[in-house]
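Residue numbers (the working numbering), protein chains in the order written: chain A, 1 to 478; chain F, 1 to 365; chain Y, 1 to 83.
Please keep in mind that the hints were generated in silico from the structure rather than gathered at the bench.
Derived, one-sided and incomplete: chain A residues facing chain F with beta-carbon distance under 10 Å:
hint	residue
1	453
2	466
3	468
Since this is a predicted model, take the numbers as computed values, not measurements. We put the beta carbon where it would ideally sit given N, CA and C, even for glycine.
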Amino acid sequence: MDFLSIKFFIFFFSAICIFYLSPLRYRISVVFPLLNLFFILTYVNNLSQLLPLVVFLGAGFIGIRLVETFANRVAFITSLSVILVIFVYLKKYAFVSFLPFISRSYLSVGLSYILFRMVQMLIDVYQKSIQERVSLVSFSNFCCNFLTFVSGPIQRYQDYKLQESSLGQKALTEREVFDSFSRMIHGLFKVVILSTLCMGYYKWFFSFMQDSTVNESSLVLCRKFILASFFCSLYLYFNFSGYMDIVISFGKILGFELPENFNRPFESRSFLEFWSRWHITLSEWFKFYLFNPFVLFLTDKWPNRKAVPYYGVLAYFFVFFIMGAWHGSSWVFLIYGLFLGAGMSINKLFDVLMRKYYSVQYKKIIEHGLSGLLGTALTFSYWSMGTSCCWLDLKDLVKLMIKFKIQGFLMSFLLGIFLWAGALWLVRGFKYIFGRGITSLNGNFYFSRTWLSFELFIVIGFWFYGFGGIPDFVYKAF
Amino acid sequence: MKNIFKQMAVILLFFCLWYVFFLFLTYHFYPENTVVDNSRLHERNNRLVLGKLKSNIFLNDAQNILLGFWVTKHESKRIIIIGGSNALRINPAVMQKALPDFTINLAAVRNSNITQLRDIVYVVRKSSPGSLKGTIFIIGVCFATFFNDNASGGHVLYENKNLTFLEAEGLRYGLYKLRDNKLELVLAPRMMPLAVHLLRPFLLCDLVFYDLKSYYDNSFASLHAVQKKPQDLKGEEFKQASLAEWRDSLGNIRDFAEDGIMSDFVTLCKEIEKSGASVVIVDLPSAPWMQNESEYYKKYTLKRLLYLDEDRIIPRLRYVNLATLLPPITDGDFVDSVHPTKEEGEMWSKAIAGFVLSQRKFLGF
Amino acid sequence: MTDARSQIKIRLNKVFRDVFDNGLIEVFGEMTAKDISEWDSLMHVVLVAAIQKEFGVRFSAAQIGQLKNVGEVLDLLEKHNSR
Numbered sequence: 001m002d003f004l005s006i007k008f009f010i011f012f013f014s015a016i017c018i019f020y021l022s023p024l025r026y027r028i029s030v031v032f033p034l035l036n037l038f039f040i041l042t043y044v045n046n047l048s049q050l051l052p053l054v055v056f057l058g059a060g061f062i063g064i065r066l067v068e069t070f071a072n073r074v075a076f077i078t079s080l081s082v083i084l085v086i087f088v089y090l091k092k093y094a095f096v097s098f099l100p101f102i103s104r105s106y107l108s109v110g111l112s113y114i115l116f117r118m119v120q121m122l123i124d125v126y127q128k129s130i131q132e133r134v135s136l137v138s139f140s141n142f143c144c145n146f147l148t149f150v151s152g153p154i155q156r157y158q159d160y161k162l163q164e165s166s167l168g169q170k171a172l173t174e175r176e177v178f179d180s181f182s183r184m185i186h187g188l189f190k191v192v193i194l195s196t197l198c199m200g201y202y203k204w205f206f207s208f209m210q211d212s213t214v215n216e217s218s219l220v221l222c223r224k225f226i227l228a229s230f231f232c233s234l235y236l237y238f239n240f241s242g243y244m245d246i247v248i249s250f251g252k253i254l255g256f257e258l259p260e261n262f263n264r265p266f267e268s269r270s271f272l273e274f275w276s277r278w279h280i281t282l283s284e285w286f287k288f289y290l291f292n293p294f295v296l297f298l299t300d301k302w303p304n305r306k307a308v309p310y311y312g313v314l315a316y317f318f319v320f321f322i323m324g325a326w327h328g329s330s331w332v333f334l335i336y337g338l339f340l341g342a343g344m345s346i347n348k349l350f351d352v353l354m355r356k357y358y359s360v361q362y363k364k365i366i367e368h369g370l371s372g373l374l375g376t377a378l379t380f381s382y383w384s385m386g387t388s389c390c391w392l393d394l395k396d397l398v399k400l401m402i403k404f405k406i407q408g409f410l411m412s413f414l415l416g417i418f419l420w421a422g423a424l425w426l427v428r429g430f431k432y433i434f435g436r437g438i439t440s441l442n443g444n445f446y447f448s449r450t451w452l453s454f455e456l457f458i459v460i461g462f463w464f465y466g467f468g469g470i471p472d473f474v475y476k477a478f
Numbered sequence: 001m002k003n004i005f006k007q008m009a010v011i012l013l014f015f016c017l018w019y020v021f022f023l024f025l026t027y028h029f030y031p032e033n034t035v036v037d038n039s040r041l042h043e044r045n046n047r048l049v050l051g052k053l054k055s056n057i058f059l060n061d062a063q064n065i066l067l068g069f070w071v072t073k074h075e076s077k078r079i080i081i082i083g084g085s086n087a088l089r090i091n092p093a094v095m096q097k098a099l100p101d102f103t104i105n106l107a108a109v110r111n112s113n114i115t116q117l118r119d120i121v122y123v124v125r126k127s128s129p130g131s132l133k134g135t136i137f138i139i140g141v142c143f144a145t146f147f148n149d150n151a152s153g154g155h156v157l158y159e160n161k162n163l164t165f166l167e168a169e170g171l172r173y174g175l176y177k178l179r180d181n182k183l184e185l186v187l188a189p190r191m192m193p194l195a196v197h198l199l200r201p202f203l204l205c206d207l208v209f210y211d212l213k214s215y216y217d218n219s220f221a222s223l224h225a226v227q228k229k230p231q232d233l234k235g236e237e238f239k240q241a242s243l244a245e246w247r248d249s250l251g252n253i254r255d256f257a258e259d260g261i262m263s264d265f266v267t268l269c270k271e272i273e274k275s276g277a278s279v280v281i282v283d284l285p286s287a288p289w290m291q292n293e294s295e296y297y298k299k300y301t302l303k304r305l306l307y308l309d310e311d312r313i314i315p316r317l318r319y320v321n322l323a324t325l326l327p328p329i330t331d332g333d334f335v336d337s338v339h340p341t342k343e344e345g346e347m348w349s350k351a352i353a354g355f356v357l358s359q360r361k362f363l364g365f
Numbered sequence: 001m002t003d004a005r006s007q008i009k010i011r012l013n014k015v016f017r018d019v020f021d022n023g024l025i026e027v028f029g030e031m032t033a034k035d036i037s038e039w040d041s042l043m044h045v046v047l048v049a050a051i052q053k054e055f056g057v058r059f060s061a062a063q064i065g066q067l068k069n070v071g072e073v074l075d076l077l078e079k080h081n082s083r
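Please take these sequences and the hints and turn them into a complete structure.
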């Protein structure tokens, strides 16, 4: 189901009604599974397209049962490998392109996120962090939760179970309900208007850049490239975080607390910090199940105190390489992975060296003022450049690299830092001057409702206007 | 649950207040039109219009037809001009002077081929209660009317489907749907005028967004060198560029003006005639250099001998080659390959009006 | 505070001082990563490794990830000891 459609809004209203009108004890066991099923069915034309998803889920459930029953390493590793193999096959990764893939179309939306959930359950069951038996209803509710089906946030099973047991015990206050609606409409505003505009400009600058002839001065080319990159990352942010706003507030209205995925990422002062603010649930997942075990393994194997900081450099590279590569099945995403990995490990190396030669407290010194601003701009510029490239195919990417060479990228990067620092400075100035006024206005009953409904009006107007040109949800593809 | 519906109701109430406010605003700025006239809209589409809001609430020529016909009055005697973008250069005011008994609707849409013409006729028929007796369709054709549906001519991409401009605009507000590549009404015809009135606040939104967009596009465009359009070129360079542009939009010459397309056109004319209306096919001239150099034009001149003249056998239908009614045309009468200058457009209008008057017996008025 | 818990706390304090190479650290229940500037996600794992070694326990991935403050570490260790 497309989130920006009349269908979705009918679904939204009817889900609320059905959910609250049904008796509490049936909400989780009957109503919720039915809503999930209905939601998923809207993505397929015939039932056979669901088969791969069912097989994938079935393998996961049987795996979890096996690990619960036998509780040994063999069962765990077998189940994990089976799930991973099915996933790689269904996602048609480029490195297994020699396999005969299923040529008929099938539902591949949400597979990645189901993988994260199933692996988490598998590991936690194996390590006894999940002690109670996972029932089929809980399993399917958790894996196919319509709120998080399309692209997260990636909740933890234990957190989901808590929600399940406390559902309906506390009625929402009027304030909470209003805040949820308001967040939902802000989310719509982000997705429908802001992300569409940013995507338009991204494509625009990008086409200018790709069409441009060689004799153009390189500074002009760099400017186009960096503007394209900025708009691309803003587009991703508005699109993704807007959807999160819709989903999280929808969940809240139904009585579910979903984890947050964003915490003002563009205010991060370093690349390391960025990942604790961008797609938080994904980074957390990787931290729990890849980074921590990997570092633990290294420190166990070679317990050398002096080497520990460099383990960090290595581990960050490894984890972010995997995470980048996860984003897509083509070769470009391996390069994206390298790019993310390099960014993280360079940042960590900088951290290590600063602590060693400057001061352990260096962060407190450089996080404020101009250096903080520069750090933020540097982070954003680096990330944007990498992100904008991963929408190209390999051939175009190579062409771009030949056109730009190292110095071109470097120049764009510096220009980007300069531009973003300036933009940030303006935004902060604006906030400083008008911030308090806006907050107090928002506290006013009439103003907040008037403004919110105006926003809704504009969203609907723009939705008509941008007919067919409103971008779909990007992260659905991952 | 109570809280949820209460908050929802409050937000909806405020939303309705905005809605009513904007609805009022639209009636204030855009009183309803009595005729569908795309000539003013066409001009607007070519330049920035902030501050020039007072012409029509519909965003573009397609909207003006798809929605506009439902909210204009249906006089018993009316002329509806359909065709491509060169027909848009016909001046309804000039024709009005010569034909004072008629209301003149200029309902041409850019990049029209038979498919779009059929859709326009469909809208006109559905929106007119009763028979079309007393309505004269003037179909302005030229070689560019006869391209195949698969050619790119002015199509827009929507959800990976190639839609014509008219189809995309029809789907925009959900009032039309596509069936077998034809537009069809979603609502019952009697509900349509109400639906169009209810859409007005959002139509206003469209206008504002459109203006903002063109404003920003223009200001950004000055930062970057945009590729030159054929209109900005001169001499031989211009000719080659326009020929290439035509090749691009009309598609393969083998699929162009095929027998199937030509007979579809004849069928369309017969259908119009059956519904009680009269048809005047006006063959609009192109720039002389275009007539000499375009392979499409040459193929078209052969085909029209075969098909369009044959239409004379249908009662209440007239075919005329406009060039025969005009003083000899020169390249200077055109702004590009097919679009006449303003003065030439007025000449065309006068000539067409004169022709309609001269055929009044056949046309039945 | 029970006797066992304070015993654990003393041992834990030693681990903290050792890992962060700072003899002045005094752990307390609500102490989080914010209170020690070296405590980042990397040192978190190193700390956990040292605690595991000192107390002869193994934490699960979920436990390691979710440890937020010293109090939670104490709870976990206490639970483990009582088993």
